[in-house]
Every structure is written in structure tokens, then in C-alpha cells.
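S.K.: Fit chain X to the supplied structure of chain L, relying on the hints for placement.
In order, the protein sequence lines correspond to chains L and X.
The working numbering applies: residue 1161 is where the first sequence begins, and numbers increase by one.
The working numbering applies: residue 5 is where the second sequence begins, and numbers increase by one.
Taking beta-carbon pairs under 10 Å as the criterion, some of the chain L residues facing chain X (in silico):
#1 1179
#2 1183
#3 1246
Incomplete in silico selection of chain L near chain X, CB under 7 Å:
#4 1165
#5 1171
#6 1248
#7 1255
#8 1256
#9 1414
#10 1418
Just so you know, the hints here were simulated from the structure itself, not pulled from any lab data.
The beta-carbon is built from N, C-alpha and C at its ideal position, and this holds for glycine as well.
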Amino acid sequence: MKLYRIAAIIQRHLYLYRRSVPRLAEIFFWPILDVIVWGFVTIYLIGAQPNLPRFVAFFLGALILWDILYRSQQGISISFLEEIWSKNLINLFVSPMRPSEFILALMVMSIAKLLVAGLASSFLAWLFYSFNLFTLGFSLIPFVVNLMVMGWSIGIITTGALLLYGQEAEMWAWGLAFFVQPFSAVFYPISVLPSWIQPIALMVPASHIFEGMRVVIEKGTLPIDHLMMAGVFNMIYLALALLFFYRSLRVAKERGLLLHRGTE
Amino acid sequence: MSIAILEIKDLTKEFKGVVAVDRVSFTMKSGEILGLLGPNGAGKTTLIQMILGLVTPTSGEIKVLGHDFNRCREHILSCVNFSSTYVSLPTSLTVYENLAIFAKLYNVLNPKKKISDLLESFEIGHLIHVLTRNLSSGQLTRLSLAKALLNDPQILFLDEPTASLDPDIADKTRRLLKDIRDRYGLALLYTSHNMKEMQEISDRIIFLYQGRILAAGSPSEILSIFDGESLEDVFLKVVRGKHTAGNPL
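Next up, chain L with everything else stripped away, as it sits in the complex (with noise of 0.2 Å):
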């Protein structure tokens, strides 16, 4: 692994970024625009049912944190796509740059993207409803990386998705995260959801990370053995998607289907 380039591939986004307002002010539009309506919308839940006395804190925090994870698929899964809708993915593949290095560089790219908008949607979740996610202490860096990596493993599998069925898949690369959402116990509890769909939000590391995050506004304790759940599935799913990602590619060699990918 060169980490030149790695760094190539950085800066071939960067570039991206810096040249495109459109595409920059993506990265931020989403994340405040979540954050303002749902902020009002928790504000008039609460003068409706007073008893409700952590709702902001619950629903706010799971706002910001599902956006890292959607954020963190996104900066894999479209950051692939770009070089798509360029047809500059054939450039990439003559060159001597290796698959994981490209994989890489994008976990790189998507950890700055969400650094920026999960700033961005704290500073404004504080500013507009008094609601400080920085509360949550040091228990928010396992909770970041957890949901982080289980975004990149998402993104993974639709980058796979995108090698083998091209633009038509590029519905997975905004909604698959989505698809996972209703098991991720992001804003309830896993114990509302149907007791034949529990397992299933227990197979899935984010519901761990939000149960826990509401454990910590709640108790104030670190929730070690949701983090331990978390992070042992996330190591699973990761590892999974990345031999997804490698079969796809060998697939799409054997087909010929990476000129088309290139080219279309």
C-alpha cells in the first residue's frame, strides 16, 4: 500500500470539492436542514406532552448521529459514484493504484465529510435548542466510530453494487442506509419495534449505539456491553462487504463489465 496514493486519490476530491459549491454545500444542506425541522418539530412534541422531559436530547442526538452514519456511506458510495459520472473509473483501474487503496482514501474523504456536517449540525442543534452533544463525553468517540464504520461497510456494498449493475444501482448508493434505519433503534427504543424484528435490530450495530446514547443522557454510564455488540457486528459487516466489494470486482473483471462501468 503507497500512501501516495492514497493521498492522490484525497486530493483528486478535495479538488472536487473546492471547485463546486453545489457539491459542498451538499455536505452541509442535509445534516442543518434535519436539524431544524426536527428541532422545531421535538419543540412543539414537548409543549404538547410535557413528560417528555429528554426528548430534545434523544431525538437531536440520534439526528446528529444517524447523519454520521449516512454520511460516512455516502462519502464511500458517492465519492464512487463521481468516478462514475466522470468516466474517469478506467483511469483509476489502468493505473497502479490497488482497489484498497482506493477504499481507503475514501474512508478518509467520509470521515472528513462527516467531521464538517456533524460540526456543523451540533454547533447548530446548540445554538438553535440549547442541546449540547459534546454532553455525551467521551462516550461519543466509540459511538462516532462505531456508526462510522458501519456506514463505510453500507457504502462498501452499494460500491460493489455499483461495479456489477452500474447507475442502476445508484438508488442503493442514497437509500440503502435507509433501508437499514427502521432496525437501527435510531429515534425508539428496540423494545417498541415487533418482538420478531428485536433480533434483527440486535444484528445491527447502530441500534446498539443509540440504545447506548440514550443510556448515557439518561444514566450518565457508559453502556460497554451495546458498544461490545456494536463494534464485534461491526467488525463482522465490514469484513463482509469488503469480501463483497473484492467478489464484485473479480465479477465485473470476468464480465467485462468495468469499461461499461467506466463508460457509461
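M.R.: Relative to chain L, chain X alone:
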């Protein structure tokens, strides 16, 4: 004496039972311009893609610069490059930014000077800070060629480098390709549908038809094999099934 820098042996590719490339064997020497000629679906692009590792062969051997591709992918790809009309560089980046990224990918020493020299030699130095989307077709072709020469490749693969260019720019590009070969001493393997172009710049031509090598030799040898007046004449004879060259080689 020139040595073989590309050795292809019995290379075959099947897509779901359809044979796209059928036991193709040839070698290429350093400094040679080798043209792959053939109608659509003859296997030209698939052949180049297999050599570059974009398509996995069903069977056969590929040796580039004496190395087996599967074992020395990174080394081989750092010593060759590719340009195609159908592949672009990101249009929202400037000419310099695009080349700087690929210079870094290929670990080019002193990239600023290399980029500047290449752009000057292609007479597009004044476009260095222009957005790629604002370039004309001819300028894009030159930029793509500049990218393909960043790493001083020993073999340059070109897929229809003059397609979609007007006759004037196509003629300039042909001269440029010959000039590149003479100046850099590299080997060029390229595909084209332009018979005149093939005849004009190729040292040797491989005529592919239905995935197999129908004939190989210098342009004049190809003409004599098929008893044609021009490569276009030969091409039409082959495509329309009127050739008398006997069994494919």
C-alpha cells in the same frame, strides 16, 4: 535489436459462451507502432482490456516487459499507460489538477515540470488552469495523451484515439503519435476504425475478425495478403466475406 516487451500467447476470452477473443498470440517490440484493426465486435477493445487487467482472460498468457501480469500488476501498470476517446478526465477539475492527481498516482518526480513540459509539447500549455469541461475535443485528446505520458510509459495503449475528432485535429493527432514514438521511444498499441490512419502510422497491423487474428504484418504485407488496394478495401472485403486470405492465422 529490439526486444519483445509484450508477449501474448493463446489469449482467449469468452463471455457467457460467446468467444470474444480466440487464442490470440502475438509479440510487440519496443518502439513499435502496432495497430489493431477489425470491425466492431472483432475483439480489439477486449484484447487491450485484458492486457491492462480490466478484463480477466478465460485462458492464455500475458507477459508485459517480461513479467506475468497477475504477479506483477503494480509494476507493469506503473510502466504502461492508456488513453481512449471513451474515457474522460474529471471535467470539473482544471487541466493542471487532473494531471497533478495522476502524476501523484504514478509517483512522478518533479510533477510540476513534467506537467508543464508535456502541455507545452502538446501546445496546450496556455490551458493549464482552464477547467477541463471548457476544452475542445482536440484539446481533450491532447490532455488525455499528456496524462498517458506522465509516467514515461514503455508501452502506450490507445483505444480509438482519433474517433470523434475532425479531420484536421485527427491528422494533427496522428502526427503527434508518431512524434511521441520518435521522441520517447515507446511502443504504441492502438485500435482504430480509420483505415488511412492505420496505413499511415502503423509499423505492423494485426487484423482481428470475430476474435481471431486473420492476418498480421506491415501495411503493405496486409494489402498483398488480401490483394487489396488500400486497407479500407481489405476491411470491406473481410467484413463482406469476400476475402481470399484463407484460414485465419
